[in-house]
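If you want the building blocks of each chain, they are given just below.
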Amino acid sequence: EDQVTQSPEALRLQEGESSSLNCSYTVSGLRGLFWYRQDPGKGPEFLFTLYSAGEEKEKERLKATLTKKESFLHITAPKPEDSATYLCAVRGDYKLSFGAGTTVTVRA
Amino acid sequence: EAGVVQSPRYKIIEKKQPVAFWCNPISGHNTLYWYLQNLGQGPELLIRYENEEAVDDSQLPKDRFSAERLKGVDSTLKIQPAELGDSAVYLCASSRGGSSTDTQYFGPGTRLTVL
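These protein sequence lines map, in sequence, to chains E and D. Numbering of the first sequence is given in the working numbering, commencing with residue 124 and proceeding in unit increments. Numbering of the second sequence is given in the working numbering, commencing with residue 0 and proceeding in unit increments.
Note that these hints are calculated values from the structure, not bench results. Just so you know, even glycine gets a beta-carbon here, dropped at the ideal spot from N, CA and C. Hints are not guaranteed to be accurate.
Here are the simulated PhoX-like pairs of lysine-lysine, each with C-alpha atoms no more than 20 Å apart in a straight line [to be verified]: (1) Lys10/D x Lys70/D; (2) Lys165/E x Lys10/D; (3) Lys165/E x Lys180/E; (4) Lys14/D x Lys70/D; (5) Lys186/E x Lys202/E; (6) Lys15/D x Lys218/E.
Some chain E residues flagged as far from chain D (calculated, every beta-carbon gap over 12 Å) [stated by the list, open to error]: (7) Gln129; (8) Arg135; (9) Ser141; (10) Arg154; (11) Thr188; (12) Asp205; (13) Ser220; (14) Thr226; (15) Val229; (16) Ala231.
Away from chain E, derived, C-beta distances all over 10 Å, residues of chain D [as the list claims (entries may be wrong)]: (17) Arg47; (18) Lys70; (19) Thr75; (20) Gln79; (21) Ala92.
Here chain D stands alone, though its shape is the one from the complex:
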């Protein structure tokens, strides 16, 4: 079974530029998560999707961050404009959904560097 796929793996941009990250979850997984991980810290949830619906986006900085999950499969996370403090690893995870005890499986992440 293929795991969670993310691209790109690395991205270097200058501040004020836009950037987008893409995630393809494990086949059959209805729930998709985006996390942010700073160096030396654990992941922090940005947004959770149940199929196409964003059911928890309370931690997403909506002034510059946006996300979408068209057709309930792939998802894109966008930052516009990027700031120096956005440098971090952006992780995507997925789970089967339907139960709060579902295991979340993570992708390899996208390491963003903002110069």
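Bound-form chain E, shown alone:
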């Protein structure tokens, strides 16, 4: 069964303080690793898809990287509006298996 573990569970950052979130996974035949952002009371919002080890994608202050066993979401010089829960998910077939998420709080 596909498994996803995210760490840390929570992360408190000062505005401008860069950090990284980890997503460790086991899956038979990776068909994509997905990062979503979820704000309170809303559904997950798609950020990135990574397909193979070594791949990187960037969007504003976020950069996602992928190895054969884990993915990192790097947040560079975060702002308060980056506060959210970041979810990682893997797909081995059509089913997405999610981690529990990392809740990021950025203080001004």
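Chain D: place on chain E using the hints.
Relative to chain E, chain D alone:
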């Protein structure tokens, strides 16, 4: 482009009552998913539709949960009777379909509270 629409956004019912959730996917998306999300957890798949056909319902508790997707567009998820443990957020997602690498786009969810 309009996103995935869900209603109601919130629902409070007493245990043993029935409840239904409605989802309208993104136009042109053939694949529709229902997920359940408990507090502090990631979403878990309940059922996946390819057009009108439920192709993966292995995680749907069929004794009390049912779903339908008539005409391959809108979908309804029903619980009858609801139990206290069903309190959660029910998310609908859609994707274009035809490829296992399709991106899934989520609606805002329905927060169910069972008293």
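Report holds if the minimum CB distance from threonine 188/E to chain D is greater than 12 Å, and violated otherwise.
Threonine 188/E clear of chain D: closest Cβ-Cβ about 19 Å, beyond 12 Å.
For valine 229/E, which was marked as not at the interface, is the minimum beta-carbon distance to chain D over 12 Å?
holds (20 Å)
With 10 Å as the threshold, tell me whether arginine 47/D passes as away from chain E on beta-carbon distances.
Non-interface label on arginine 47/D violated, nearest chain E Cβ at 6 Å vs cutoff 10 Å.
Checking a non-interface call: every C-beta of chain E should be farther than 10 Å from the C-beta of alanine 92/D. Is that right?
About 8 Å separates alanine 92/D from the closest Cβ of chain E, which leaves it inside 10 Å; violated.
Does the no-contact call for serine 220/E survive, Cβ to all of chain D over 12 Å?
violated (8 Å)
Whether serine 141/E stays farther than 12 Å from all C-beta atoms of chain D, as the label says
Correct as stated: the minimum Cβ-Cβ distance to chain D is 25 Å, above 12 Å.
For glutamine 79/D, which was marked as not at the interface, is the minimum beta-carbon distance to chain E over 10 Å?
Holds: least Cβ distance 24 Å, greater than 10 Å.
Holds or violated: lysine 14/D to lysine 70/D, with C-alpha atoms at most 20 Å apart:
Measuring from Cα to Cα gives roughly 31 Å; hence the hint is violated.
Quick check for students: does the CB of threonine 226/E sit more than 12 Å from each CB in chain D?
violated (9 Å)
Could you let me know if the closest chain D CB is still more than 12 Å away from the CB of aspartate 205/E?
holds (19 Å)
Measure nothing beyond the straight line between the CA atoms of lysine 10/D and lysine 70/D; if it is 20 Å or shorter, mark the hint as holding.
Violated, because 26 Å separates the two Cα atoms, which is more than 20 Å.
Please confirm whether glutamine 129/E is truly not at the interface, meaning its C-beta sits more than 12 Å away from all C-beta atoms of chain D.
For glutamine 129/E, whose nearest Cβ neighbour in chain D is about 8 Å away, the distance does not exceed 12 Å, so it is violated.
Consistency note: the structure conflicts with the earlier hints numbered 1, 3, 4, 6, 7, 10, 13, 14, 17, 21.
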